[in-house]
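Asker: With the hints as your guide, set chains B and C onto chain A.
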Amino acid sequence: MLQQLVNGLVLGSIYALIALGYTMVYGVLQLINFAHGEIYMAGAFLGLYLTVSLKLPFPVAFVLAMAGAALIGVTVERIAYRPLRRSPRLAVLISAIGMSIFLQNLSLYLNGPATRGFLPPFKVYPIRIGEIKTSSLEVIILVVAILLMVGLQYLIRRTKIGKAMRATALDKETAALMGINVDRIISYTFAIGSSLGAAAGVLVGMYLNAVDPMMGLMPGLKGFVAAVLGGIGNIPGAMAGGLILGTAEVFGVAFMRSEWRDAIAFAILIVVLLIKPSGILGQNTQEKV
Amino acid sequence: MPLLEIKNLTMRFGGLTAVKNLTMTVEEGEIRSLIGPNGAGKTTVFNVLTGIYQPSKGNAFFQGREICSLRPYQVTSIGITRTFQNIRLFGNMTVLDNILIGMHTRTRSELLASVLKVRATRTEEAEARDQARELLQFVGLAGKEQELARNLPYGQQRRLEIARALGADPKLLLLDEPAAGMNPQETSDLMELITTIRAMGRTILLIEHDMKVVMNISDRVAVLDYGEKIADSTPQEVQKDEKVVKAYLGEG
Amino acid sequence: MISAYYYNLLILIGINIILALGLNLITGYTGQLSLGHAAFMSVGGYASGILTVKTGIPFLPALVIGALVAAALGFLVGLPTLRLRGDYLAIATLGFGEILRVTFLNLEITGGPFGLRGLAKETNGLIVFIATVIALVVIWSLINSRVGRAMIAIREDEVAAEAMGINTTRYKVLAFVVGAFFAGIAGGLYAHWFRYLNPASFGFMKSIEILCMVVLGGLGSTTGAVVGAATLTYAPEFLRSFFPVISEYRMLFYGALLVVLMLLRPQGIMGTSEFSPLKVYHWIRSRQGVKTTVGSDS
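Chains as they are written, first to last, in our numbering: chain A, 91 to 379; chain B, 119 to 370; chain C, 927 to 1224.
Don't take each hint at face value.
Said to hold, decoys possible - Listed next, the stretches of chain B that the computed footprint assigns to chain C, with coverage defined by at least 3 CB atoms under 8 Å from CB atoms of chain C: (1) 193-201; (2) 207-217.
To be verified - Below, a sample of chain C positions facing chain B; criterion: calculated Cβ distance under 8 Å: (3) Leu-1015; (4) Gly-1038; (5) Ile-1060; (6) Val-1064; (7) Ser-1067; (8) Arg-1072; (9) Arg-1075; (10) Ala-1079; (11) Glu-1082; (12) Val-1085; (13) Glu-1088; (14) Met-1090; (15) Ile-1092; (16) Asn-1124.
Read the hints as simulated data drawn from the structure, not as lab findings.
Beta carbons are placed, not taken as given, at the ideal position from N, Cα and C, and that holds for glycine.
Isolated chain A, as found in the complex (with noise of 0.2 Å):
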C-alpha cells in the first residue's frame, strides 16, 4: 500500500511537471497546446545526447536540455500559434494538432523509430525504509520536480515576470495598456512550461531507461488530464492534479489488469469534466454576453 502510494508520487510528480506547461499556457491563450507533449519528448532527447553523446556533466546537461526544449516551444508559439492570435479557436487547435504530429515525425525522421536506451550518467542505489523499496533516482525525481514547482510558485508570485504573467492571464487588452509586452509575456509562459516539460521528459527519460519519437504522446495527453483534474489555468492545481493523477493510475493498475493503464486517465478526465469540469481548484466562469 504505502510502496504503491510512493510509486505514485513519483510518477504523479511527472505529470504534474508535464500539466504545468499545459496549464500556464491555457492560462495566457486559452490553448490546449496539444504540442506539449513533443517538447518533453525533445528535452528527452537533448538530455540523452548532451550526456550520452557529449559527455557533459549530468546538472549542465539538465539545465541545457531545459534552454533548448524552451527555444523549441518559443519557436512553436511564434511560427503556429502567434500569427493565428484573432482567428477562431477552432483554427488555432487544428494548428496546434499539426504542429504535434509534425514534431513528432520530425523527431522520427531525425532520430530513428528505435527506442534507445537512457542510462542515468551517476551511480544509482537502491534504498529501503522498512516495507518500502525506492532507489536514489526516485528520490532525484521527486526532489527536482518539488524544487522546479517552488521554483515556479516563486517566480509567478514575488517577481516582475511572475505579475506580469498573472495579469496577462487575467485580460489580455488591459495588460497591454498597463504597458505589458504581451507578446514578450506569452514568449515567456512557453519558454518556461516548455522548460519544466523537457526536464519531464529527462528525468522519465532515465527512469524508464528509455527515450524515443512517440513517447510524448500519452505522457503529454495524461498531464492535460492532470491539469484539467486540478482547474485548467490554475498552477497548484495542475500539481495537485498531477499529483492525484499519478496515484490514481499506479493504484489503479494494482486492482486491474495494466492493459486498462492508459484507460484510467481518461475515464478520471470524462468523469472530471462531467461532474466539475471547473477542476478541484478551478473556479466555475460564466461567459460574457
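Answerer: Leaving out everything else, chains B and C in the frame of chain A:
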C-alpha cells in the same frame, strides 16, 4: 396582470452585485424603457430574463409563468426574444438565413422530414421564406436576402437583428441599445420602426442610451444606478427626478 | 476493366469520403471539434464484423446494425459531453476514443490485440458507391434544411443561436449521432473489405487523418469533404510512385499541412462554397458570351 413582472431580482457575480432587489412590471402593449449609466446592470437584467444567467435571488413572471428556471431557447419559445448590445448576427450566413433561424421556433421539420424532403417540409420551407422576405421588407432590407450578414453596414445589421428577433413572433421584444452607433437619420427611422412594431400589438422593453429615443417613444421609464432602481415613472417625471440627474451627472 | 490497384483505391476513397462527410457535419457545420471520429468507425466495424462472423447475420443488415450501434454511442457520448466548451469537448472525444481502443484491445469477442479475423469479403465497389451517394444526399439535404441551419447557427454563435430558440444541446447531439452513423457504415465497409480489424488501426492518428481531409477540403463544405478525402487518399499513392522519399513521411506532411493551412488558407480548398452544376453552366455560358462578343466585333 402585467405581461412581465420582475420580483425582487438580485444578481451577484462573486463579490459584485450587478442587480439589487429589482422589482418592475411591463404592461401589455407598452414601450417600456430601462436606462441608467454604464455598468448599472441593464444588460444583466436582459440576460436573466432570457435564461442566460440564473438569478441569485428573486424571480420573473411572463404572463404569470415563472421564467427564471427556463433555458434560453425555452424563453424564446414562450414568446420573448431579444437583440444584443454588441450585435450577434450569424455573420457567415445570408441575411435570409438569419431570419429563417429567427423563425426556428415557429417551424417544425426535424431530422427525418428534412432528409426525406416530405411535402410538409417543402411547404413549410416555402412559407417560411415568404414570411422572412416580408420581414426584411418591413425593416427596410428588401433586396439584401442573399448578402452575407457580416457584409451589411452597421445600421442595417442592427435592423437585421430586430427582424431576426421578430421572426419568432414574440409577444415581448427586448431591445438592447438598438440606436448605438446610428446616425441621426438612422435613429429617427429606428424610432419609427419601434413604434410600428408596438402598433402591431407587440410589447417592447428597451435599453437605450440615446435619451432622445427613450424620452420620445417610451410610455414608462425605469432608471437603474449601481444595480438599484432609483426611479420609475413617465419620461417627463423621470427627467425631472433629482436622483436621476445626479446619477447621470455625478455628484457636484 | 480497371486494375485491382485502382479498384482498391476507389473503394478506399469512397470509405474516406463517408468518414469525412460525417466529421464535416460535426466539426465543419456544427463547429464541434471531434478528435474521436475513428472510434465511431471502429464501433461500426467491430459490431458488423462480430455479427457476420459470430451470428451469421447477412452483411447488409449487419452493416446497418453496426452503424446504428455507432450512432447510439454517438448519442451516449454526445449527451453529457456536449455541454462542454469547445476545447474540452475536443479532449473528451479524444479520451473517449482512447478508452474505446483500449477496450477493444482487452475484450475477448473482438480478438483483443490479435484483431478480429475471418470476415468474409462482402464489400464491393457497387455497395461502396451506393453508400457514398446515400451519405452525400442525406448530408446535403440535412444542411440545407431547418435542422442544418440550426447547426450552422450554433457554429456561428452559440449564445445567439440559443437566444433564437434553438435547443443547442439537441442539435449538437444530433450532429454527433448522424456523423457517428455514417462513420459506422464506413467502418463496416472497411471491415468487410480488408477482412481483418485491429484496434491499432482506429487510434488517435486515424481520427487526425480524417480531420485533415475535412480541413483540407474546407470546414463546412460538402464538396470540400469529398475533394479533401479523395486528395488525401490518393496523395500517398501518388507520392509513393513518383516521390518515394516524401511518401515515407506522410504523417510529417499531414502535420505541416494542418499548420500551413491554418496559417495561409484556414478555409481549405473550397472554403464554405459548393460545387454546383448550375454554377458551372453559368460560368461556361459567360465564357461563351465573351467569345461571341469578340467574334461579332471582328
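Asker: Can you list which hints this structure breaks, lowest number first?
Answerer: Those not satisfied are hints 3, 4, 5, 16.
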